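Novice: As a plain string of letters, each chain reads:
Number of protein chains: 4
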Amino acid sequence: MGSFQGHALPGCFFYVAGIWWTGKYSLWHATRRNRSLGSTRFASRASQRRLEIIESSVILFFSFVGMLAEQFVADGPRLHLYDFEEKHWKYLHNWQHATMYLFFGLAAAVSLITHSTEAAPPALDRLMLGIAFFNEGFLFLYHLHGRSMLDVHVHQLLLYAVFGQALIAFLEVFHRGNIILELLRCTLTLLQGSWFWEIGFVLYPPSGPAWDLKDHSNMMFITMCYSWHLAFALLVAGVLYCTVSCVVRSRLKRTPPVEMGLLKTRERDAESEDEI
Amino acid sequence: MGSFQGHALPGCFFYVAGIWWTGKYSLWHATRRNRSLGSTRFASRASQRRLEIIESSVILFFSFVGMLAEQFVADGPRLHLYDFEEKHWKYLHNWQHATMYLFFGLAAAVSLITHSTEAAPPALDRLMLGIAFFNEGFLFLYHLHGRSMLDVHVHQLLLYAVFGQALIAFLEVFHRGNIILELLRCTLTLLQGSWFWEIGFVLYPPSGPAWDLKDHSNMMFITMCYSWHLAFALLVAGVLYCTVSCVVRSRLKRTPPVEMGLLKTRERDAESEDEI
Amino acid sequence: MGSFQGHALPGCFFYVAGIWWTGKYSLWHATRRNRSLGSTRFASRASQRRLEIIESSVILFFSFVGMLAEQFVADGPRLHLYDFEEKHWKYLHNWQHATMYLFFGLAAAVSLITHSTEAAPPALDRLMLGIAFFNEGFLFLYHLHGRSMLDVHVHQLLLYAVFGQALIAFLEVFHRGNIILELLRCTLTLLQGSWFWEIGFVLYPPSGPAWDLKDHSNMMFITMCYSWHLAFALLVAGVLYCTVSCVVRSRLKRTPPVEMGLLKTRERDAESEDEI
Amino acid sequence: MGSFQGHALPGCFFYVAGIWWTGKYSLWHATRRNRSLGSTRFASRASQRRLEIIESSVILFFSFVGMLAEQFVADGPRLHLYDFEEKHWKYLHNWQHATMYLFFGLAAAVSLITHSTEAAPPALDRLMLGIAFFNEGFLFLYHLHGRSMLDVHVHQLLLYAVFGQALIAFLEVFHRGNIILELLRCTLTLLQGSWFWEIGFVLYPPSGPAWDLKDHSNMMFITMCYSWHLAFALLVAGVLYCTVSCVVRSRLKRTPPVEMGLLKTRERDAESEDEI
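Residue numbers (my numbering), protein chains in the order written: chain G, 1 to 276; chain W, 1001 to 1276; chain R, 2001 to 2276; chain X, 3001 to 3276.
Chain G on its own, in the form it takes in the complex (with noise of 0.2 Å):
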């Protein structure tokens, strides 16, 4: 992918599932907390699911494109994996990414069955979600060989969010639906989807003269940034978190649940037993 938009392709899917999650969670944990005031209606447990569903799917699509664009663009590998007349692998890194799709795209369908069936434990979306990421996380460890210094640590400095939200995923499946976990996994996924394109910037600037690979002080100040990003990522997270939580609140208050009688206690009921 040695290229400016290679890194910056990426970058934006992380940035984008970045803030959809965070709003996605937001509106869960706002629902959740204002209950009383009938906000049942802007997402019900039926609702909840069909989001999921979508998202899944969306998720299990880009993918399959994925996949599928790695191996079949100009000069992909074509399914072709060894050269048998030069003896050596080629095209290893095309493949690689094609892997680490393959992982997202096990664990979005792993999530709309899931979610769509009775069959699975719900914990298990959590569960390859973090494997996923442990993936991801796992081949670009084993990826920087003989590289040069500002490469090797820019690449390392995004374990440090890939890691952390394999980790985070996995606590989840013992702490389902804890609001700090959830949006602590949507700050690093914010964090990876703009570091994706710092990274771009660094070693394939799109204009200015390149970056000296070598030089120590390159390295503290990317440190350094690496921080920014994730207070910039944090701040963008607790501002959407906010803004979601106030949208909800002012809509109940404005719109008191009067529609909501006897006809459906029933389903309400279902609604309250869920959650336990």
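What the hints contain is simulated information worked out from the structure, not anything from laboratory work. As the structure is a computational prediction, the values presented were derived from the model and not from experiment. Watch out, some of these pointers could steer you wrong.
Per label pair, the in silico range of CB-to-CB distance [said to hold, decoys possible]:
| # | chain 1 | residue 1 | chain 2 | residue 2 | range |
| --- | --- | --- | --- | --- | --- |
| 1 | X | Ala3210 | W | Phe1201 | 50 to 58 Å |
| 2 | W | Gly1023 | X | Arg3045 | 44 to 52 Å |
| 3 | X | Lys3214 | G | Trp228 | 46 to 54 Å |
| 4 | G | Gly23 | R | Phe2072 | 37 to 45 Å |
| 5 | X | Phe3084 | G | Phe232 | 50 to 58 Å |
The calculated DSSO-like cross-link candidates involving lysine-lysine, where the alpha carbons are at most 27 Å apart (straight line), are [stated by the list, open to error]:
| # | chain 1 | residue 1 | chain 2 | residue 2 |
| --- | --- | --- | --- | --- |
| 6 | G | Lys214 | R | Lys2087 |
| 7 | W | Lys1090 | X | Lys3214 |
| 8 | G | Lys87 | W | Lys1214 |
| 9 | R | Lys2214 | X | Lys3087 |
| 10 | R | Lys2214 | X | Lys3090 |
| 11 | R | Lys2090 | G | Lys214 |
| 12 | X | Lys3214 | W | Lys1087 |
| 13 | G | Lys90 | W | Lys1214 |
| 14 | R | Lys2024 | R | Lys2253 |
C-beta: ideal position from N, C-alpha, C; glycine also.
With chain G held as given, fit chains W, R and X onto it using these hints.
Specialist: Same frame as chain G, but now just chains W, R and X:
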């Protein structure tokens, strides 16, 4: 053990163990979920106990056979360890493998005691299993000195699965019966099994030319290969789990639990008490 | 900051923070334990809240002052970071320190919002504190390249305290109000404070000859010294905890809660509800 | 301490402590399980407390003696640490060992306070024990610079047991009274004890030729040896646990609790309340 067979054999054992455990835990989970349909016919508390005892006995037997085989195989140590004439240790590999079997044997013995008597706390079987896997990983970790790069790498990758199993078995001490952890452990057992085969094929190719153990692109391919093995193990565990779940549910629906009359009430009470 | 004062100043801040926190948590713990004696006079729910708000405001203020001071001190960067003429980064240390203050400021701001409104989940303040400490440790970790052995070693020892605080603050997200964790975090804050002083004395001795930064016996002494600082921090935290506990109990016994009549029943009910 | 006796002595202490703890926790666990048979005769709440106080006093006494011995032994430092004439640190090893004893003494003192008064939270004794073990491991970790390969290796293996004990003591803060964790900690204490003896035999063989400290096959043998020590420690702990359990049960069955009349009801109620 430096041979293809020497790696294929433990690979088979772990693969069979992985499939067996996946089936067992899937069946028990399906049983717990469908209690209202009388699913305890398939796996009553007593039959679960009997199954555990049989399983532990089998593992104990094979551990014992393995230890004997390592000692009394054609060019084995026959309980010799130190060569007093040349003043150095001999047969260290055989003794190390025997030590690994010893710990799995210990784990099986403890599991046997735990499930056949009331003396030991029930979580002890998982602790001992965790210690057995930890010991396996520990011995492999200090096993690699002075080998070539790829040889070290394939064994290091194995350690992810081995220490992962140890960690999850330790977590199960506190979260016993959590199907997510059980399936994850099964998946890692399957991964370990298939990876032993892969090690055999890479280091001692039964046909074709030997691999270049110092080529970096080989190392990158092997890393990716590990991800594929993990994906395959996830797939196998997932398919097995779904199959068992479906079979249990379809059989329960076909034959309603008519035979469970009042006479069995007492037994069912005992079951539900145990569950707490 | 390469100066004695530059290490003594943060040392003072952390030491004061450690003593303050130890006192605060000890008082609240004593209050919770002696509720039956009417201890809520000392630390009612409302006064706890007010205290937290004041504390957060003070930290926020000092973080802001610290950031300004790092920028506009005599030979500071004044918001410059890159020297376009000589094409390298300048003032990286000042910017790194300002970044550390930024995260503590963020944590204080979040704590302020958490305790003054109902918008944010209460555990968020600990998460942000954990992230602030993690960020401090993270920047120190990549701060040490190319320094002499003893310099690296004293900063590495500091990281034990810093990452320890981050870890414990993260554990407090799940175990809020656990006095053991709170006291342990206070102890590590005290340790960090006194160790900053030690670093100042070792690297920039205000009197006497400079230390030999390459002598191995110095390194061994420093390691042992760290243990002594830890023991001293444990002692200080322990003595403070005991003193506060005794004072609270003796005052409660001297003045029985006669003034707590029926009028206050409603307030006390609110207290006990909050406690859940 | 560079001598056989210097390693055999702590080995004895830890081994005795391991056996003592295994017996104590096994007895208390058996007592808790057989409450219905009147087992509180063997270990009532008050007698448990008394036992803890005696144990803490003994540890405190030996820590104090150890610290004095390290200082005032024939060629000891007598509270000197710095040689002002030759300008270097002296007797660092003695001071390091004294520091280790200091932390075990602190842990014992805290345990004494915890069990003899109501002032401190009960989990504090485990935290301090964990810190004492952590400190021991921490000092050993930076103790090894410049030694020969096998010397470093045997001490590194010791760290597995030491840090393992620290970790499990820390887990016990949250899972107090979990027999699995208690037995695991006892096992690691036994392992540490017997491994100290092994270190003595390897580095300072009392008879026979010295070991070749640079031979790699020696290192592999020692690694395997550590596994055997672990297996032996597991066996000792297991046999002790079973013996104590059997003795308690057989004694309870022989002498039914006839003497426990109505007069003691009140005491038993207090017991069961404590248990919560």
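Novice: Take the hints in turn and mark each one as holding or not.
Specialist: Consistency of the hints with the structure:
In this structure, Ala3210/X and Phe1201/W break the distance hint of 50 to 58 Å, their C-beta atoms being roughly 44 Å apart. At about 47 Å, the CB distance of Gly1023/W to Arg3045/X agrees with the hint of 44 to 52 Å. Evaluation of the 46 to 54 Å hint for Lys3214/X and Trp228/G yields a pass: the beta carbon distance comes to about 49 Å. Restraint check, Gly23/G to Phe2072/R: a C-beta distance of roughly 39 Å satisfies the suggested window 37 to 45 Å.
Range check, Phe3084/X to Phe232/G: about 54 Å between beta-carbon atoms, so the 50 to 58 Å window is met. The straight-line distance between the Cα atoms of Lys214/G and Lys2087/R is roughly 14 Å, inside the 27 Å bound, and the hint therefore holds. Between the alpha carbons of Lys1090/W and Lys3214/X the distance comes to roughly 17 Å, so the proposed pair stays at or under 27 Å and holds. Distance check on the hinted pair: Lys87/G and Lys1214/W sit about 14 Å apart at the alpha-carbon level, within 27 Å; holds.
The suggested pairing of Lys2214/R with Lys3087/X holds, with an alpha-carbon distance near 14 Å, which does not exceed 27 Å. Restraint check for Lys2214/R and Lys3090/X: satisfied, since their Cα atoms lie roughly 17 Å apart, inside the 27 Å limit. Proposed proximity of Lys2090/R and Lys214/G is supported: the alpha carbons are some 17 Å apart, at most 27 Å. With a CA separation close to 14 Å, the supplied pair Lys3214/X and Lys1087/W stays within the 27 Å bound.
In summary, the hint linking Lys90/G to Lys1214/W is supported, as the alpha carbons are separated by about 17 Å, within the 27 Å threshold. Proposed proximity of Lys2024/R and Lys2253/R is supported: the alpha carbons are some 21 Å apart, at most 27 Å.
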